[in-house]
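If you read the sequence shown in our numbering, its first letter stands for residue 399, the second for the next number, and so on.
Keep in mind that the hints were calculated from the coordinates and are not lab data.
Incorrect hints may have been included.
No farther apart than 27 angstroms at their CA atoms in a straight line, the calculated lysine-lysine pairs in the DSSO-like style are these [unchecked claim]:
{"no.": "1", "residue 1": "Lys516", "residue 2": "Lys536"}
{"no.": "2", "residue 1": "Lys509", "residue 2": "Lys532"}
{"no.": "3", "residue 1": "Lys509", "residue 2": "Lys536"}
{"no.": "4", "residue 1": "Lys516", "residue 2": "Lys500"}
{"no.": "5", "residue 1": "Lys532", "residue 2": "Lys500"}
{"no.": "6", "residue 1": "Lys504", "residue 2": "Lys516"}
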Amino acid sequence: MCPTGSVLHSAAGAGKPNLRSAFDVLDVDRDGKISREDLRTSYGGFVGDDMIGTMMTVADSNEDGYVEFEDFEKVLDSSINRNGEEKRKNETGMNVMEDVFKVIDKDGDGKVGVEDLKSYLSWAGLQVDDDDIKAMIKLGHGEENGGVTYEGFLQILSL
Numbered sequence: 399m400c401p402t403g404s405v406l407h408s409a410a411g412a413g414k415p416n417l418r419s420a421f422d423v424l425d426v427d428r429d430g431k432i433s434r435e436d437l438r439t440s441y442g443g444f445v446g447d448d449m450i451g452t453m454m455t456v457a458d459s460n461e462d463g464y465v466e467f468e469d470f471e472k473v474l475d476s477s478i479n480r481n482g483e484e485k486r487k488n489e490t491g492m493n494v495m496e497d498v499f500k501v502i503d504k505d506g507d508g509k510v511g512v513e514d515l516k517s518y519l520s521w522a523g524l525q526v527d528d529d530d531i532k533a534m535i536k537l538g539h540g541e542e543n544g545g546v547t548y549e550g551f552l553q554i555l556s557l
């Protein structure tokens, strides 16, 4: 879920996604860490306080009330592997990336399409044109299916 050529490029030779831009989207107040308030703002009415609490519990490794970039990276690295495939679920039996996908998939059809991405990215304050959105969907092999599936979404994030 990134504008073409601008987010989530693999670190040189490491085969590991660079997740800084995704982190920056969630760090609403730009203080270098994600708080419960940042998540409330990022997810708006899409996710309740109980889900935000679960996200924080899973990601806040030092229990200081914030998710630093290293924590964020660990959570996503535990969710996707180098091939963009799901690795494992968190301690609550839920996968954080599944939750993110469900939030973006506003119409609940199991695919994230152009309108879903356009709506979410606009709501998140990101200015992205239709060509960028179509490029994201193409990266997830969703151009023929009217959107990317969860697996395609993970593939986009792993690039």
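Now for the hints, and whether the structure bears them out:
The straight-line distance between the Cα atoms of Lys516 and Lys536 is roughly 15 angstroms, inside the 27 angstroms bound, and the hint therefore holds. A distance of roughly 14 angstroms separates the Cα atoms of Lys509 and Lys532; the hinted pair therefore holds under the 27 angstroms criterion. Under the criterion of a C-alpha separation no larger than 27 angstroms, the hint pairing Lys509 with Lys536 is consistent with the structure, at around 13 angstroms. Simply put, Lys516 and Lys500 have alpha-carbon atoms about 15 angstroms apart, close enough for the 27 angstroms limit, and the pair holds.
Straight-line distance between C-alpha atoms of Lys532 and Lys500 comes to about 19 angstroms, which keeps the hinted pair within the 27 angstroms bound. Taken as a hint, the Lys504 and Lys516 pair is honoured in the structure, with Cα atoms around 11 angstroms apart against an allowance of 27 angstroms.
Checked against the numbered hints above, the structure breaks none of them.
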